[in-house]
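Colleague: Below, each chain spelled out in residue letters.
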Amino acid sequence: MEKKADVWQGTLALMVLKTLESMGPLHGYGIARRIEQISGDLLAVNYGTLYPALLKLEQEGYIASEWGTSDNNRRAKYYKLTRAGKKQVEKEAKEWEQATAILARFLAPGQEHS
Amino acid sequence: MGAGDSDPGALPRTRPGTLVRRFRAYLIRTSGLFNRRSRDREMAAEMELHLQLHIEDNLRIGMTPAEARRQAVLKLGGIEAVKETYRDRGSLPSVESLFQDLRYAARNLRKNPGFTAIAILTLALGIGANTAIFSVVNALLLKPLPFRDSGRLMRLWPTQIASNTETSAHDFGVASYPEFRDWLAQSRTFQNIGAFRNLSFDITGGDHPERIHGMTVSAGLSSLLGFNPILGRDFREDESQPGKNHVVLLSEGTWRREFGGDPNVLGRTIKLSGENYSVVGVLPAAFGYSPYAQPPDVVTPLRPDPNRDHGFLYVVGRLKPGATISQAQAEFEIISRQLRRQYGERESGGVRIIPLRDALVRDVRMLLLVLLSAVGFVLLIACANVANLILARTAARRKELVVRATLGASRLRIARQLLTESALLGLAGGLGGLLIANAGLRALVTLFESAFATTTSGRITIDGAVLAFTLIVSLLTGFISGLIPAVGIFRSDVNETLKEGSRSVTSGKHRNRIRNLIVAAEMALALVLLTGAGLTIKSFVILANNDPGVRTHNMLAISFTLNSSRFKVQAQRSAFFDGIIHRLQGLPGVESATVAADIPLTRDEDSDTFSIEGKPDPAPNKKREARFNIVGPGYCNTLGIPLLKGRDFTESDGPKSAAVATINEAMARQFWPGEDPVGKRISNDDKTWFSIAGIVGNVRQRGLNSEPQPEIYISYLQDPFLWPSLNLIVRTTTEPEPFVATIEKVIWSVDRDQPITRIRTMDKILSQSTAQPRLTALLLGLFSVLALVLASIGIYGVISWSVTQRIHEIGVRAALGASRNDVYRLVLGQGLALALIGVAVGLAGALALTRLIATLLYNVGATDPTTFIGVALLLTAVALLASWLPARRATRVDPMVALRYE
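First to last, the sequence lines map onto chains A and B. Here the first sequence is numbered in our numbering, starting from 593 and rising by one per residue. Here the second sequence is numbered in our numbering, starting from 94 and rising by one per residue.
Keep in mind the hints are simulated off the structure, nothing from the lab. It cannot be assumed that every hint is accurate.
As the list claims (entries may be wrong) - Here are some, though not all, of the chain A residues that point toward chain B, as calculated from beta-carbon distances under 8 angstroms:
#1 H619
#2 Y621
#3 N638
#4 Y639
#5 Y643
#6 P644
#7 E652
#8 R666
#9 R667
#10 K669
Stated by the list, open to error - Derived pair list, reagent style DSS-like, types lysine-lysine, alpha-carbon separation capped at 30 angstroms:
#11 A:K669 / A:K610
#12 A:K683 / A:K672
#13 B:K738 / B:K708
#14 A:K669 / B:K168
#15 B:K780 / B:K738
#16 A:K669 / A:K648
#17 B:K857 / B:K838
#18 B:K364 / B:K337
#19 B:K661 / B:K749
#20 B:K236 / B:K413
#21 B:K176 / A:K648
#22 A:K669 / B:K176
#23 A:K610 / A:K672
#24 B:K176 / A:K672
#25 A:K678 / B:K176
#26 A:K669 / A:K683
#27 B:K715 / B:K780
#28 B:K176 / A:K610
#29 A:K686 / A:K648
#30 A:K672 / B:K168
#31 A:K610 / B:K168
#32 B:K168 / A:K648
From a predicted model like this one, the values you see are computed outputs, not experimental measurements. Here a beta-carbon is modelled for each residue, glycine too, at the ideal position from N, C-alpha and C.
Whenever a hint applies, use it, and build me the whole structure from the sequences.
Modeller: Below is the structure:
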């Protein structure tokens, strides 16, 4: 089995937020599966760490939760992005882009340091 | 590089957001403390769904049901651990564990009601005593006075250069009028300086004449103290001048009583001691310079008195905003040095600037500090007792603690658990202490008020500051009590403890040592307290056994001030007193009556100079001093003073006959040693010469604690100065109190305009004379008995615990032929050793500390050997008694039972 990368400290929250932004309301299991899919199964989400992270985001007001009914008619807790969460996604995404761009410049072969 | 609004160097991550977001999370987590159960249910449902969905997915990709479940659970990563993290995130784990500790502690304490009750009662007694004494300290020494911006109010306290008279002048802190004016003119640090004195007035016209309380004050004093007239105005500067000074400010009470609260009272007149005063204003009811003094009924302008030697004024000042006491003090060093240079030696030595609040409680400060330390000692002993109880119980709970430790509880957690328990005990003790203090405070206040003959105006209460003090003391007490046992947890080794759990003759050696140390410390503390109490009690007993020199029983003293406008000549005075005395002597139950200027035991410390005919005056720096006392015929007989030689005054020693005097024994001894003074002549003004007619016994005129001073008695019928303050002394055959109404009636039948200042029984005056030492001895005695009881409970507990521990050993000894006496010796020896260590340390402590109460003692040295030996013996005896009970139990040990017992 291929060795999968662990989720970096702190990035899980951004992934959760981004997932909810693109997918709309989801339950915890759905979020976990979605993150794995997106990462092309390169990333191993320890499902256990997801729930405290969700709780924390909810306490900070970036997401909200609501009990609803799942596709096969089961009661599930659905998470959705709040307005604060939406802003936060944009802000963090921009910062990540910046950071990765900078790192990319360092790592790209033959590129001069500016 | 790309500039952003955030630090581009930092690795981006999901930030906790702004502080607001973090705070929001905190609030939600705090609320999470309370809905734990529903949260847990939700979480379980969420996990359950997660697992089911995952299992279904796994089945769909072809796993066996068992494998599908295993993989799902694996992927979730230990469901209990997840729940735990989730739970922690959902609320505040540190607070949760505190609640847990508290719940556990409460359950534990409930499970051991005996231990809990004793511990709480012990702490409640200690904390209660502290709360009660602190209430008094808080009200008198700490709380600001109830005056506007009272922190800036200072008392200007003149201090005397070492007095050049033989008897050192008592420091009253009074200033002369010119001094006051000089200070007012020269000071720059004070916004204003004012002076006043107390003064009484007669007021007539009502049902019967009254003596009312007044103050005579410098202009602006009321606004200096922070009061504004509720009607009219304050005095003007020029109203101190003769001709203009017959103006008066009424208290609100007087205004309502005398004028029915008439709003048009301004400009009306009131007759005070026979003179008319015009009302210029009304002061609020609270007006006064001290909440501990009777508020004045009327206030008049201070009259100038040019005599620099005549100190009679209390001077107060209000510091300018920003000025400090030390600045004022420095300024007054300069001012008084300059005044000394200008007016010479007679000017007072200096001026001390004392916050008014402190000046008002000068007499009581020392006593309060001593009492506060005493109750502090009691509380320490209580802590030690409870620490010992907890230690004993920790030992009994060893198994439980070991189990918790082996199950993974950290030592810190266990120590915290123990501390939580003792903190809970402390708080419960604090609550009990508040109840005790609340119950005892009224009695305490009454004791204080009567001992210091003052009012505390309801200032001594359990207020917020006292509650805060009690809370802090309770927590601290709990912490101190639990500290040693908790620290013991760290020192003990789990394995060792497990082994000790099995039987061992020498079990818990280390713990034994700590417990012994604690008990020895208790003994030492108790000894210090006992010594202090012993010294004050001894000094009180010595004082109370002093002979006042008069027979106080069945005697009444009725005080008057004879108004000079109505008693201009001698004949008016003698008519007044003769009339009363003759009528009284006709009454059944009245034995005799006479007149005296000084009531025994109550005189101030003034004295007079005099000349002896035929003896040169002494050098100016060695005054010849005695006190003149103006008395009536039959003085010695009525007061029960023995006549040692010659004769007492009779009615025939009148204004027309030869002037005679009697002197007391002290006077005869000091000025005519080995001679017979009878027939010698003395004078206090070198005009009237009194020939000595008799020698009478000494009377302690200034109080039981003062040695009799030389005293010269002259008859009021021959008094050249018409001394205005005279008392009627009446001796009755039975209890004197029922005679008061009759005597008043007789007095007003003779003169219906003469007010009575005060009527007291001599017994009450005698008891008042010892009230302060009695209070000190009583309270210190009470606290030291409490300390002794607690300490003996402590030693009893330790010895009895140790007997239980050694029951096996004792059984073996008994089986091997040890006699009862051997067992007694063994157990009592341990108690005695502890007591002796405590006594030794305590004696050293007492030697160092009793010096501090030397000022509260009378005729007893601070290191009085009898007291020290006495309390050491007492403590040892009590310790032995407390050890004897468990020792007796030890002697009854049946060797067979003890050997089987494990």
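Colleague: Evaluate each hint against the coordinates.
Modeller: Taking the hints in turn, this is what the structure says about them:
1. Taking 8 angstroms as the C-beta contact cut-off toward chain B, the hint placing H619 of chain A at the interface holds, the least distance being around 7 angstroms.
2. At a threshold of 8 angstroms, the smallest CB-CB gap from Y621 of chain A to chain B is about 4 angstroms, leaving the interface hint in force.
3. Evaluation of the N638 of chain A hint against chain B yields a held restraint, the C-beta minimum of about 5 angstroms falling below 8 angstroms.
4. The closest approach between the C-beta of Y639 of chain A and any C-beta of chain B is roughly 5 angstroms, which is under the 8 angstroms cut-off, so the hint is satisfied.
5. Because the closest C-beta pair between Y643 of chain A and chain B is about 5 angstroms apart, less than 8 angstroms, the hint holds.
6. Satisfaction of the interface hint for P644 of chain A is found here, the shortest Cβ-Cβ separation to chain B being roughly 4 angstroms, below the 8 angstroms cut-off.
7. Against a cut-off of 8 angstroms between C-beta atoms, the interface hint on E652 of chain A holds, since the closest Cβ of chain B lies about 4 angstroms away.
8. A distance limit of 8 angstroms between C-beta atoms decides the matter here; for R666 of chain A the minimum to chain B is near 6 angstroms, and the interface restraint holds.
9. Given hint, R667 of chain A at the interface with chain B, holds; its Cβ is 7 angstroms from that chain's nearest Cβ, closer than 8 angstroms.
10. Taken as an interface hint, K669 of chain A checks out: its beta carbon lies about 5 angstroms from the nearest beta carbon of chain B, inside 8 angstroms.
11. Taken as a hint, the K669 of chain A and K610 of chain A pair is honoured in the structure, with Cα atoms around 18 angstroms apart against an allowance of 30 angstroms.
12. Simply put, K683 of chain A and K672 of chain A have alpha-carbon atoms about 18 angstroms apart, close enough for the 30 angstroms limit, and the pair holds.
13. For the given pair, K738 of chain B sits about 22 angstroms from K708 of chain B by alpha-carbon distance, which is consistent with the 30 angstroms threshold.
14. Distance restraint check for K669 of chain A and K168 of chain B: the Cα-Cα separation of roughly 20 angstroms lies within the 30 angstroms cut-off, and the hinted pair is therefore satisfied.
15. Using a Cα cut-off of 30 angstroms, the hinted pair K780 of chain B and K738 of chain B holds, with the two alpha carbons roughly 26 angstroms apart.
16. Simply put, K669 of chain A and K648 of chain A have alpha-carbon atoms about 15 angstroms apart, close enough for the 30 angstroms limit, and the pair holds.
17. The straight-line distance between the Cα atoms of K857 of chain B and K838 of chain B is roughly 22 angstroms, inside the 30 angstroms bound, and the hint therefore holds.
18. At roughly 16 angstroms between alpha-carbon atoms, K364 of chain B and K337 of chain B fall within 30 angstroms of each other, so this suggested pair holds.
19. Taken as a hint, the K661 of chain B and K749 of chain B pair is honoured in the structure, with Cα atoms around 17 angstroms apart against an allowance of 30 angstroms.
20. Between K236 of chain B and K413 of chain B the CA atoms are separated by roughly 21 angstroms; this keeps the pair inside 30 angstroms, and the hint holds.
21. Only pairs whose Cα atoms come within 30 angstroms are accepted, and K176 of chain B paired with K648 of chain A is accepted, the gap being roughly 14 angstroms.
22. For the hint pairing K669 of chain A with K176 of chain B, the CA-to-CA distance comes to about 16 angstroms; that is within 30 angstroms, so the pair holds.
23. A hinted pair counts as satisfied when its Cα atoms are at most 30 angstroms apart, and K610 of chain A with K672 of chain A qualifies at roughly 11 angstroms.
24. Note on K176 of chain B and K672 of chain A: the hinted pairing holds, with a Cα-Cα distance of about 22 angstroms set against a maximum of 30 angstroms.
25. At most 30 angstroms may separate the alpha-carbon atoms for a hinted pair to count; K678 of chain A and K176 of chain B meet this at roughly 28 angstroms.
26. A distance of roughly 27 angstroms separates the Cα atoms of K669 of chain A and K683 of chain A; the hinted pair therefore holds under the 30 angstroms criterion.
27. Simply put, K715 of chain B and K780 of chain B have alpha-carbon atoms about 22 angstroms apart, close enough for the 30 angstroms limit, and the pair holds.
28. The suggested pairing of K176 of chain B with K610 of chain A holds, with an alpha-carbon distance near 25 angstroms, which does not exceed 30 angstroms.
29. With a CA separation close to 22 angstroms, the supplied pair K686 of chain A and K648 of chain A stays within the 30 angstroms bound.
30. Among the hinted pairs, K672 of chain A with K168 of chain B is consistent with the structure: their alpha-carbon atoms are about 24 angstroms apart, no more than 30 angstroms.
31. Restraint check for K610 of chain A and K168 of chain B: the C-alpha separation of about 22 angstroms stays at or below 30 angstroms, so the hint holds.
32. Proposed proximity of K168 of chain B and K648 of chain A is supported: the alpha carbons are some 21 angstroms apart, at most 30 angstroms.
Consistency note: the structure conflicts with none of the earlier hints.
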